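Here are the chains, one letter per residue:
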Amino acid sequence: MLHVTNLTKRFGPLTAVDNVSFDVKAGELFGFLGPNGAGKTTTINMICSLLRPDSGSVFIDGQQVLPNRPKLRQKFGVVPQEIALYEELTATDNLKFWGGLYGLSGTALKRRIDELLELTGLNDRAKEPVKRYSGGMKRRLNMAAGMLHNPTLLLLDEPTVGIDPQARYNMLDTIRQCADRGTTIIYTTHYLDEAENLCERLAIMDHGRFLAMGTQEEIRKIVGENTLIRITGITDKDEAESIISTHPKVHIETMNEDSVVYSVPQDVPTGQFIESMIRTGFSMNNLQIKEPSLDSVFIKLTGRELRD
Amino acid sequence: MIGKLLKKDILRLSKHPEGFLALVSLPLLLTLLLSLVFGPGRNKQVMPKVNLLIVDHDKSLASQMIKGAFGRDQLADMFEIEETDEETAGTRIENNKASALLIIPENFSDNLLNSKATELTLVKNPSQQFGPKMAEETVNILAEATDRLLRIGAEPLDLLKSEIESENYPEDGAITAMAVSINQIMRQSSSLLFPPVIQLSEATTETSGESLSGGQFFTYILASIAVMFLFFIINALAGDIIDEKDNRTLYRIIVSPASVSTFVLSKNIYLFAAGCMSHFLMWAVAIVLFDVPLSFSNVLLFVLLSLLIVAAATGVISFLNSLIKSRMMVSGVLPAVIIVLGVLGGGMVPLQSLPPFIRSLSWVSPIFWGADGIHKVILWGGSFSDIAKHNFVLLGVSVVFGSLAILFHRRRLLS
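The listed protein sequences derive, respectively, from chains A and B. To convert, note that position 229 of the first sequence is 229 in this note's numbering; the numbers rise steadily by one, no gaps. Just add 308 to the spot in the second sequence (first one is 1) and you have this note's numbering.
Just chain A, with the same shape it has in the complex (with noise of 0.2 Å):
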């Protein structure tokens, strides 16, 4: 359905997207996870033929996105990050607008427009100006506004972003629903939970780049069994190299300026590990324990956590 070979895309010194690939297989729902500023949305972007790539090209369907962008935009359904509504007009009136862009008119349109406002449940305040909504409504609005065209791709921006718990699962519900009848979906988040009960595939991407791809299982092999420990306010790092001389079995996955990450086999109590530490009088600010989960990978491959 989608292939992406070596997409880069550059502004001045900064390497938004750095030499990244990727298929997505038709029905197929994949995540891009990463913190904010990792190029989750250039990658989207130039996907969606809205930015040009300095290199690497898009093919939906076999054939290359840019070329013949006038007719591959119907297939898209993109949800940006913000809310891209027009707040003076009623649901209807909007989902209209939106539906005639994509060449949706009269029942088709109509029917189309009461199957979303009844998966969005705003069915009830459809004759409202959006103005009036809650945070959430809008949120659930902007997607169908995305989902009205039935697209065969259809790209999510975080589409969750600042709002409640509740609303929140209920558009992960409408995501679900909307995968099941095989769209092909493109998810961008920051939180690890939408990424582990959503996706089937993910990337793990940071500064522009891919640090890890595949099924949950295969990317939480990369840390395998091992919990990971890591510690923050470290002075003295021959100190915390000089700890693994009395536990053979750990070792130092990342250490930067302030952190170091123990890798800690199942076969090591992590308390008895701990404990030595401290008698040692270790500096430290800081230590979290990890089991093995996709923020656990993210700290293996970045030595910090998702949310630094």
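Read the hints as simulated data drawn from the structure, not as lab findings. Remember, predicted model here, so these are calculated numbers, not experimental data. One thing to keep in mind: the hints can contain errors.
[Claimed, not checked] Pairs of lysine-lysine, DSS-like flavour, derived with a Cα cap of 27 Å:
id, chain 1, residue 1, chain 2, residue 2
1, A, Lys131, B, Lys315
2, B, Lys312, A, Lys131
3, A, Lys249, A, Lys290
4, A, Lys75, B, Lys553
5, B, Lys633, A, Lys131
Model the placement of chain B on the given structure of chain A, informed by the hints.
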């Protein structure tokens, strides 16, 4: 696609038409106000007269001269004189029934003839502002003039006085001597007294002496103001292009099958449509309510010219909007540019009132071509050939600036 984008913008405008209608009504209100203040017939309005009370204790020739002066020529238009006694005058002033009281003392004439100091007393009504001030100024001038006349004519007056006091009939020679002396004084002072050094002449504008009727005057002012306000109205609506970028609806539009060029073109058509709506609505109201003399034979010319004016305004404003980056600049910087164009084009002040240097630059402003064209069509009954140059310039402005606007907008919106 353009139709859908256009329909959406008109639907949005229809949800909140108050601002738009307020902008359309502004030029009408402003023109009405200016017509009321400066329009024809205003100078015929009767100014309230200054009510001046006079108490004359002298009842002499000189006091008669003073009183008589208030009853002659322009002073008669300004003052209403009433002779009364001091008690009544005091009561009238207290009750705010008069502006001032002039008291002429006893022996006023004698003192003047004997060159003795004498004084006129002016009692002003403190509760009035302009009347007492006018009375004071006028009495000062009269006192000064009387004093000068007495100094110039001191010699014959002395002769006259001695002849009166001798209680004899003056001799023929004495009368001849007085007559010669007065004649010489008049001749010497004639260059100062006749004719007046400053003459007020009434000038007319290029209407070639034909005075404008109420409706014509209104139209003359409205044409310039309406064209300038058209630029303001279109500018207020053009800010929507930046709003759509900031609100991310533009993002959603350009990832759809609609292109940026389609979006910009639709916005320009929307600005043109809204501009036409405001322009024709305003003129329709003006024709119905304010006696604008648009003849039936010139309606087509007026419509053609109006369409070109709106097209030029759309092109220029869209181009200016394509150069700026924020909503604040749309409402902050661009109105200043429109005001400059308005001044040059006669939209703020009639061109005839501007210095020649600025008048020589008026051709750079599309507001000038629009307003002057309307003047020619409505007021002077101009034909197509009379406004052919105007039409050509406005068409050129709309094509050049409209094309540049699409080009610049496209580049900026995609960045």
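Structure-based check of each hint:
Note on Lys131/A and Lys315/B: the hinted pairing holds, with a Cα-Cα distance of about 20 Å set against a maximum of 27 Å. Using a Cα cut-off of 27 Å, the hinted pair Lys312/B and Lys131/A holds, with the two alpha carbons roughly 22 Å apart. For the hint linking Lys249/A to Lys290/A, the alpha-carbon distance of about 17 Å falls within 27 Å, and the restraint holds. A C-alpha spacing of about 23 Å is found between Lys75/A and Lys553/B, which places the hinted pair at or below 27 Å, so the restraint holds.
The suggested pairing of Lys633/B with Lys131/A holds, with an alpha-carbon distance near 25 Å, which does not exceed 27 Å.
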